[in-house]
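Given chain A's structure and the hints, the job is docking chain B onto it.
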Amino acid sequence: MDLRQTKIPLFFLFPTILLLTLFVVFPVVNTVYISFLGEDDEFVGLQNYEEVFGQRNFWNPQNLLEGKTPPYGALIHNGIWIVLHLPLSLFFGLVLAILLRDIKGGAIIKSVVFLGMVIPMIVGGILLRFVYDNRAGILNEFLRIVGLGGLTRTWTAYPQTILLALILGTVWIWTGFSMIVYSAGLEGIPKELFEAAKIDGASRWRRFWRITVPMLRPATIIVITMTLLWELKIFDIVWVIQQGGPGGASMVMALMMFREAFLSRNFGTASAIATMLTILTFGFAAYMVYRMVKK
Amino acid sequence: MRKNKAASMTVWLAVIAIIIILVAVVAAWYLMQPPAEETELTVFSLWSDQEEANFEEALAKFTENTGITVNHVAYSTDELLVTVPTQLEAGEAIADVIIAPWPSWILDLADDGLLADVSDMMDTTKLPATYLDVVSSGDAIYAAPFKVSGKPGFWYRESFFEDNGLTAPTTYDEFKMLLADLGEIEGVEAAVASGDGTGWPLSDTTEAFIIGLGGYQLQEDLISGDAEFTGTEAREVFEELGLLLEAGIFSVPDDWQTQLQRVYDGTYGIYFQGSFVTTISPFSENLDDIGFFPFPETDGATGSVDYAVMPAATENMDEAEQLIEFLAGAEAQEIMVQQGGFLAPNSDVPESAYNAADLKVVQFMQTVMIVPDLDDAVGNPFQQNFWDQLKAFWVDPTMDLDTMLQTLQDDWAASQ
Chain A
2 MDLRQTKIPL FFLFPTILLL TLFVVFPVVN TVYISFLGED DEFVGLQNYE
52 EVFGQRNFWN PQNLLEGKTP PYGALIHNGI WIVLHLPLSL FFGLVLAILL
102 RDIKGGAIIK SVVFLGMVIP MIVGGILLRF VYDNRAGILN EFLRIVGLGG
152 LTRTWTAYPQ TILLALILGT VWIWTGFSMI VYSAGLEGIP KELFEAAKID
202 GASRWRRFWR ITVPMLRPAT IIVITMTLLW ELKIFDIVWV IQQGGPGGAS
252 MVMALMMFRE AFLSRNFGTA SAIATMLTIL TFGFAAYMVY RMVKK
Chain B
3 MRKNKAASMT VWLAVIAIII ILVAVVAAWY LMQPPAEETE LTVFSLWSDQ
53 EEANFEEALA KFTENTGITV NHVAYSTDEL LVTVPTQLEA GEAIADVIIA
103 PWPSWILDLA DDGLLADVSD MMDTTKLPAT YLDVVSSGDA IYAAPFKVSG
153 KPGFWYRESF FEDNGLTAPT TYDEFKMLLA DLGEIEGVEA AVASGDGTGW
203 PLSDTTEAFI IGLGGYQLQE DLISGDAEFT GTEAREVFEE LGLLLEAGIF
253 SVPDDWQTQL QRVYDGTYGI YFQGSFVTTI SPFSENLDDI GFFPFPETDG
303 ATGSVDYAVM PAATENMDEA EQLIEFLAGA EAQEIMVQQG GFLAPNSDVP
353 ESAYNAADLK VVQFMQTVMI VPDLDDAVGN PFQQNFWDQL KAFWVDPTMD
403 LDTMLQTLQD DWAASQ
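Residue numbers (my numbering), protein chains in the order written: chain A, 2 to 296; chain B, 3 to 418.
Just so you know, the hints here were simulated from the structure itself, not pulled from any lab data.
Do not rely on the hints blindly, as some may be mistaken.
Unchecked claim - Computed from the model, here is a short list of chain A residues facing chain B with C-beta under 8 Å:
no.	residue
1	N135
2	A185
3	G245
As the list claims (entries may be wrong) - Mimicking SDA-like on lysine to any residue, the simulated pairs with C-alpha atoms at most 20 Å apart in a straight line are:
no.	chain 1	residue 1	chain 2	residue 2
4	A	K234	A	K69
5	A	K69	B	D404
6	A	K69	B	Q408
7	A	K69	B	L15
Glycine residues also receive a C-beta, built at the ideal position from the N, C-alpha and C atoms.
Here chain A stands alone, though its shape is the one from the complex (with noise of 0.2 Å):
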């Protein structure tokens, strides 16, 4: 490779370069920087990291570890986000695309399930509001159908129901997207390949277990990927429908961030928060990155 050929494509990155060094890279650095400031800008070591974590609204595993219902404090609730939400994501998104892949109306009704990715997430989450609602919503209206009047509530309105709630809910919301990665999987994979294995005599499920799941894992891998990061920097639902609470029960770390910077202007705690949802999100994204190019 020449000068001329290093040179060329150097001149075009660097537009790109430059907005991301100053919109992104130095951002992020002087976050990380400001999260070892204190008041007065002084050098205060890792005390901000301290503080944020004896906060009980970021760390409370004591409700868990004695069995009770939430709060578990910011950190543990987008950890449940992560173990709930996401497996279900996937687990809905896979099936749907299957099923919808060949029946007639399936884009029609693939379009209905991505709805809830077109809609902004905070009228997302004014309707979840609704749907939890005891008197308007149409879940507490399905259960009195059911002949479970009893159980009635407004949903998000516990500390004991409001996480499973918008988990629940953010799963209708997220499965769209996971549908529609899958659904260009699937279109992607030979159907040669299911037609050799029927004649040798595969049965359905083998073809899913044995063709379908192996090729779909880079669109697998997309999917964690993306969801896991929503997941970890989840702010504007759990914003619009409870601000966080009641009780701390619905916090996470994005919400509580933005409640340290710009509510109680702490911003030496809310960058150490930043910090680390950065070195989560980052973690979790570098190790998929790297999961997809080793394969």
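Chain B only, in chain A's frame:
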């Protein structure tokens, strides 16, 4: 060839001539423009709809008096709380005057040198010291009280009370009997409506119990730190409130404006709210049938004040000063209270400016000690967490009270 060259030259000359003519036309148009308009002030507030229309009437009077035009921009609570400090810290004063109801927020900005001292812009002898003390630091006063939302007590529909043989209680025992009676009426889902939203309707109700059962001094002491949430007095108030919540006296919190309709239609019996509810439907259309009773035997009430502040970085200092002076004065406040729902801090505003419903509130407020709103005075992180803890307490009153009160005390300390 020579002919072609000549033609080409002609085209070039024509292009240059057109460009020159265009530049001349643009320059002439620019020079003929009238001089820049007079200074226009920008005001941020939380008011939209009817409140905004009322405020704009007051601003129109200011323009009439001074010739200074004012552009009002309605912000949401979050927008104001979040964006204004960011703008001011960046040295930008997009608004020349900001109306905000949070004394602690105002003092935080003032401590950072972001607000101007407005003490010379108002006659402090006409304004209650309670309202000024919470926005003062040393000799400086950083905000001018413009209007007050009195929190006089529990609102109800008078005809509903008459139909069911109910009367407004005068003692706490009578109050508890009323709550029991309301709960037994067919169709009443809960005796007391609870408002949701960011959490302030619940904190207002809680503060009514703090003042009503513990006295106004307890509220003041909780603000100043002379009393603690974990102390006996405060704990007793929360225990009593917890018993009522456990007994199902209060509804599950729901949108606070929707709850007004439900009080009116008899789903709930009473509703603790500020005086501004008389401007909201269906109360606003049925003022003759709407009444309130104060928390029985209370010696105090909260008044949530909307303050006008002036950013230190405003480029229109003189005009902004005139506006602050106007808003702190009786003329602007009289216009504002005439629209209903609010009270004037300025003592020169005559009682004749109020409608009958507001006058009752004014007269009641004159009989008790007016104290600041607890969470507005303490500020964040206390305010957000106070609201949040109350939301949980309201639906789960069996939660560990010690933990909740310790959390509130820790948050109070973190807000200092």
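Status of each hint after checking the structure:
{"no.": "1", "hint": "N135", "verdict": "holds (7 Å)"}
{"no.": "2", "hint": "A185", "verdict": "violated (38 Å)"}
{"no.": "3", "hint": "G245", "verdict": "holds (7 Å)"}
{"no.": "4", "hint": "K234(A) x K69(A)", "verdict": "violated (25 Å)"}
{"no.": "5", "hint": "K69(A) x D404(B)", "verdict": "holds (16 Å)"}
{"no.": "6", "hint": "K69(A) x Q408(B)", "verdict": "holds (19 Å)"}
{"no.": "7", "hint": "K69(A) x L15(B)", "verdict": "violated (87 Å)"}
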